[in-house]
Amino acid sequence: MADPLMEPLSESDMEAWAQVSGAGMANALRGLSKMLGQEIATGVVSTRRVPLMEATELLGGPEAATAAVYFALSGDAQGHMVLVYVPEVAFELVDMAMGDPPGTTKDLGEMERSVLGEVGNVMGGYFLQTLGDTSGMSLRMSPPAVMMDMAGAIIDAVIADIMVFSDEVVVVETEFGTDQRRVHGTFLVMPSPTLIRGLSKSRRAA
Amino acid sequence: MAKILIVDDAAFMRMKTTKLLAENGYDVVEASNGAEAIDAYKRTKPDCVLLDITMPDMDGLTALKELRQIDPEARVTMLTAMGQQSIVLDALKSGAKDFIVKPFDSARVLAAVQKMIA
Numbered sequence: 591m592a593d594p595l596m597e598p599l600s601e602s603d604m605e606a607w608a609q610v611s612g613a614g615m616a617n618a619l620r621g622l623s624k625m626l627g628q629e630i631a632t633g634v635v636s637t638r639r640v641p642l643m644e645a646t647e648l649l650g651g652p653e654a655a656t657a658a659v660y661f662a663l664s665g666d667a668q669g670h671m672v673l674v675y676v677p678e679v680a681f682e683l684v685d686m687a688m689g690d691p692p693g694t695t696k697d698l699g700e701m702e703r704s705v706l707g708e709v710g711n712v713m714g715g716y717f718l719q720t721l722g723d724t725s726g727m728s729l730r731m732s733p734p735a736v737m738m739d740m741a742g743a744i745i746d747a748v749i750a751d752i753m754v755f756s757d758e759v760v761v762v763e764t765e766f767g768t769d770q771r772r773v774h775g776t777f778l779v780m781p782s783p784t785l786i787r788g789l790s791k792s793r794r795a796a
Numbered sequence: 030m031a032k033i034l035i036v037d038d039a040a041f042m043r044m045k046t047t048k049l050l051a052e053n054g055y056d057v058v059e060a061s062n063g064a065e066a067i068d069a070y071k072r073t074k075p076d077c078v079l080l081d082i083t084m085p086d087m088d089g090l091t092a093l094k095e096l097r098q099i100d101p102e103a104r105v106t107m108l109t110a111m112g113q114q115s116i117v118l119d120a121l122k123s124g125a126k127d128f129i130v131k132p133f134d135s136a137r138v139l140a141a142v143q144k145m146i147a
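Each protein sequence line maps, in turn, to chains B and V. With the numbering used here applied, the first sequence covers 591 to 796. With the numbering used here applied, the second sequence covers 30 to 147.
Quick caveat, the hints were computed from the structure, so don't treat them as lab data. Even glycine gets a Cβ: it sits at the ideal position worked out from N, Cα and C.
Partner residues aside, some chain V positions facing chain B, computed with beta carbon under 8 Å:
no.: 1; residue: 39
no.: 2; residue: 40
no.: 3; residue: 41
no.: 4; residue: 42
no.: 5; residue: 44
no.: 6; residue: 83
no.: 7; residue: 85
no.: 8; residue: 110
no.: 9; residue: 111
no.: 10; residue: 112
no.: 11; residue: 131
no.: 12; residue: 132
Straight-line alpha carbon distances no greater than 20 Å define the calculated SDA-like cross-link-like pairs of lysine to any residue that follow:
no.: 13; chain 1: V; residue 1: 48; chain 2: V; residue 2: 30
no.: 14; chain 1: B; residue 1: 624; chain 2: V; residue 2: 139
no.: 15; chain 1: B; residue 1: 624; chain 2: V; residue 2: 134
no.: 16; chain 1: V; residue 1: 32; chain 2: V; residue 2: 69
no.: 17; chain 1: B; residue 1: 624; chain 2: V; residue 2: 135
Covered by chain V, according to a simulated footprint, are these stretches of chain B (three or more residues, beta-carbon under 8 Å):
no.: 18; stretch: 619-631
no.: 19; stretch: 704-713
no.: 20; stretch: 727-738
All chains, please: the whole structure from these sequences, using the hints.
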């Protein structure tokens, strides 16, 4: 008998994922706006399938310098979430959260890393709240892992995990920021097929 | 002056909360995980505790249960992220007085503290 995990996702599965993750992103940005005390706008939310071999391109290519905050998802379904910034944007975000003038932060020490981790906690928590409310699934996120490294190193561990059940990864991406201050970042969510099917099923039942 | 123990593994959250409470005339003690919190509680005997749920070494729920064993009257408010409702319920059953969802606003934190020490 075929392993249900290995069955390809259907168009309706993908459609359900696109809708729910779009709502989740909007909620994540509401959380961030509340944390920073100013309106953070989101750009277009896109959902697509990416071959695993090309996954490092999602973080700007294997040689790109990036600051990333990683969370593992567990509970009724598994997955990964990564918030990615170029270093200058990460510094800018820290300045905003600390209420410092632009250009204050020039490096990521313990305090700065905890700011990025907290931003991730808020965005990830709000995103998962939408997924949980929609699907009835109980989803938990790990404490944040804040990394300053080449993109390839960050995504290798994620890919190794996804490879077990798929040769492609389903991602949702968006950019966010304000008009005045540049804090454009990318929020990648890589759900397991179980998570997507769970959402799809609950939507059909609704 | 009332003394508040703040327990959070994120340096940023400790800094923000300490600043808020100090500005409002409270004496603040910080701890960065559950084990440190138990130690600081015994040592400094705070009037109340703001306790984060997700922390390494000893999480907030475990720390809450230990604090309530050491001092059955311990007044504790949990700090939680979105989506931790089941843990929050467990914490309230285990004697937590209140909970605050992050990102929290200043007025909510001050109200929780005032309620605990009233």
